[in-house]
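Going letter by letter, the sequence shown gives residues 1 to 514 in this note's numbering.
Worth flagging that the hints you see were computed from the coordinates, not collected in a lab.
No farther apart than 20 angstroms at their CA atoms in a straight line, the calculated lysine-lysine pairs in the PhoX-like style are these:
| no. | residue 1 | residue 2 |
| --- | --- | --- |
| 1 | 74 | 42 |
| 2 | 508 | 480 |
| 3 | 214 | 425 |
| 4 | 2 | 508 |
| 5 | 386 | 366 |
So the derived label-pair ranges between C-beta atoms look like this:
| no. | residue 1 | residue 2 | range |
| --- | --- | --- | --- |
| 6 | 240 | 213 | 34 to 42 angstroms |
| 7 | 206 | 312 | 54 to 62 angstroms |
| 8 | 510 | 309 | 45 to 53 angstroms |
| 9 | 11 | 88 | 16 to 24 angstroms |
| 10 | 101 | 214 | 33 to 41 angstroms |
| 11 | 10 | 100 | 24 to 32 angstroms |
| 12 | 317 | 370 | 16 to 24 angstroms |
| 13 | 378 | 213 | 32 to 40 angstroms |
| 14 | 208 | 378 | 38 to 46 angstroms |
| 15 | 370 | 199 | 37 to 45 angstroms |
| 16 | 132 | 306 | 49 to 57 angstroms |
| 17 | 404 | 437 | 27 to 35 angstroms |
All values derive from a computational prediction rather than experimental measurement. We treat Cβ as the ideally placed atom computed from N, Cα and C, and that holds for glycine.
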Amino acid sequence: MKVATREEIREIDRASVEEHGISESVLMENAGRAVCVAAMRKFPRAQHIAVVCGGGNNGGDGFVAARHLAAKGKSVTVYTAKEKSAYTGRPLENLRAAAGSGITITELAGDPSKIAPCDLIVDALLGTGAQGEVREADARLIEFINNADAGCLSVDIPSGVHSNTGAVPGAAVRADATVTFVMPKIGTAIYPGAEYAGEIFVAGITTPRHLEEKINCEITTYETCAELLRSRPADSHKGTYGHTLILAGGVGKSGAAILATDAAVRAGSGLVTLGVPQSIHGVAEQKTAEAMTEPLADTGGHFGECSADRALEIMDGKNALVTGPGISASEETAGFLRRILAGRKMPAVIDADGLNIIAQNPDIKKQAAGVVLTPHPAEMARLCGKTTAQIQADRIGAARDFARETGTFVVLKGARTVTATPEGKVFINPTGNPAMASGGMGDVLAGVIGGLLAQGYPPQDACVLGVFAHGLAGDTCAEKTGGMAVRAGEVCAALPAAFMQIKNPPEKRFFTVI
1 MKVATREEIR
11 EIDRASVEEH
21 GISESVLMEN
31 AGRAVCVAAM
41 RKFPRAQHIA
51 VVCGGGNNGG
61 DGFVAARHLA
71 AKGKSVTVYT
81 AKEKSAYTGR
91 PLENLRAAAG
101 SGITITELAG
111 DPSKIAPCDL
121 IVDALLGTGA
131 QGEVREADAR
141 LIEFINNADA
151 GCLSVDIPSG
161 VHSNTGAVPG
171 AAVRADATVT
181 FVMPKIGTAI
191 YPGAEYAGEI
201 FVAGITTPRH
211 LEEKINCEIT
221 TYETCAELLR
231 SRPADSHKGT
241 YGHTLILAGG
251 VGKSGAAILA
261 TDAAVRAGSG
271 LVTLGVPQSI
281 HGVAEQKTAE
291 AMTEPLADTG
301 GHFGECSADR
311 ALEIMDGKNA
321 LVTGPGISAS
331 EETAGFLRRI
341 LAGRKMPAVI
351 DADGLNIIAQ
361 NPDIKKQAAG
371 VVLTPHPAEM
381 ARLCGKTTAQ
391 IQADRIGAAR
401 DFARETGTFV
411 VLKGARTVTA
421 TPEGKVFINP
431 TGNPAMASGG
441 MGDVLAGVIG
451 GLLAQGYPPQ
461 DACVLGVFAH
471 GLAGDTCAEK
481 TGGMAVRAGE
491 VCAALPAAFM
501 QIKNPPEKRF
511 FTVI
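Make a model of the complete structure from these sequences and hints.
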């Protein structure tokens with residue numbers, strides 16, 4: 001499902017009105033009706049409803065919603081954050097229509113305590129126009145809404161959440177549900193905004209569908225992944241599903257190599273070979289059953305220039321490469337990475353230490369075009385020459401800009417992992433959970449994506465499907481632990497069940513279309 005910025009939605013609204021003859025009144029009426037539908041579905045027992053309206057179109061949607069809720073037999077009171085005389089345009093038209101329907105309109109005049117006890121508060125205060133910290137009067141009103149003993153339904157986006165970045169610079173409504181129009185806003189699809197949105201209902205308001213074609217950001221769904229996931233012909237064999245080469249590990253870091261290798265196997269790669277420094281080859285042999293292993297000459301227990309010749313030899317005939325986990329970021333290892341990237345003829349995934357080497361060596365960064373990079377926020381910060389806080393403040397922008405600049409596929413890990421392509425497409429992943437915050441998870445993800453690449457999945461598809469399945473496996477594990485920490489190895493073991501769940505998804509979805 002596509003997700004949009006504030007500006008993209010405004011352009012859809014403009015084109016709907018100016019180029020397709022759909023009046024603003026029709027769009028607002030449809031939006032307000034959708035709020036009523038969402039309220040009735042999410043809060044069916046709510047009888048006394050307070051609709052809190054700001055001064056813009058979000059408030060106008062609230063006035064329409066109040067009228068439709070009253071028509072359903074609900075006891076509705078509208079509370080305006082502005083004086084009634086200050087409203088203009090379509091919001092004013094619908095304020096008058098609500099009043100004409102017998103709905104009580106009360107001006108708050110900066111005093112939230114005027115809101116009478118109710119079962120449900122409809123937050124139609126600020127909408128997508130909010131930027132930066134909200135005004136003091138709005139902050140007091142938001143605090144009242146959050147502390148009220150009532151459910152809360154936000155209109156389009158919770159007031160105070162930045163619609164493009166999900167940032168919450170000040171006070172923001174914590175909604176139980178949000179009803180959003182045309183498509184979700186990016187601010188409700190990524191954190192921290194996603195935490196404030198609650199359950200999300202998506203409502204069409206009759207804007208032409210073709211106006212959505214230019215939007216290049218979407219949130220991954222079960223349906224998306226089910227379309228990507230390939231079936232296995234009855235007469236296929238291990239050669240059908242590619243050969244993944246993992247070049248990983250070092251002294252003290254054999255676990256990273258093993259996890260990536262096992263994940264490639266679990267992701268369906270027909271054959272997997274693990275190349276490791278000679279110093280840990282014995283450990284790799286003991287811990288690996290389904291994959292082949294290959295010892296490479298090393299320097300102090302890690303890959304170096306002396307490892308590259310044999311690595312290039314065993315790369316021949318392989319279908320995908322995964323490197324970086326546990327390899328160290330020394331100058332010797334940088335020389336190794338430089339040579340294998342120059343000699344690669346297959347798609348590749350670079351993770352962990354490999355990313356730190358790229359950050360330290362601009363010439364290696366230039367060799368990475370077409371490669372999948374899987375940084376966590378601190379690694380992304382090093383790649384971009386920014387702080388981690390700057391990356392987290394605009395995860396989508398950071399990933400998209402770097403992918404375009406370098407020609408790479410960027411998988412920026414974290415809550416709501418972001419995948420960006422060289423063409424500027426962005427995919428937000430909704431699976432995964434805090435229980436996955438433990439060592440080795442990134443190694444598993446790198447192996448999953450590598451295993452999918454080996455099977456012939458294009459890099460974009462391998463990233464989108466791999467990230468979703470990885471998070472879904474983590475969700476399955478977290479359910480068994482009650483949300484407590486899970487091990488990366490457990491997530492790896494749950495991958496086959498995750499792929500099966502993609503084929504046979506549960507009824508629950510990340511968004512409800514109404």
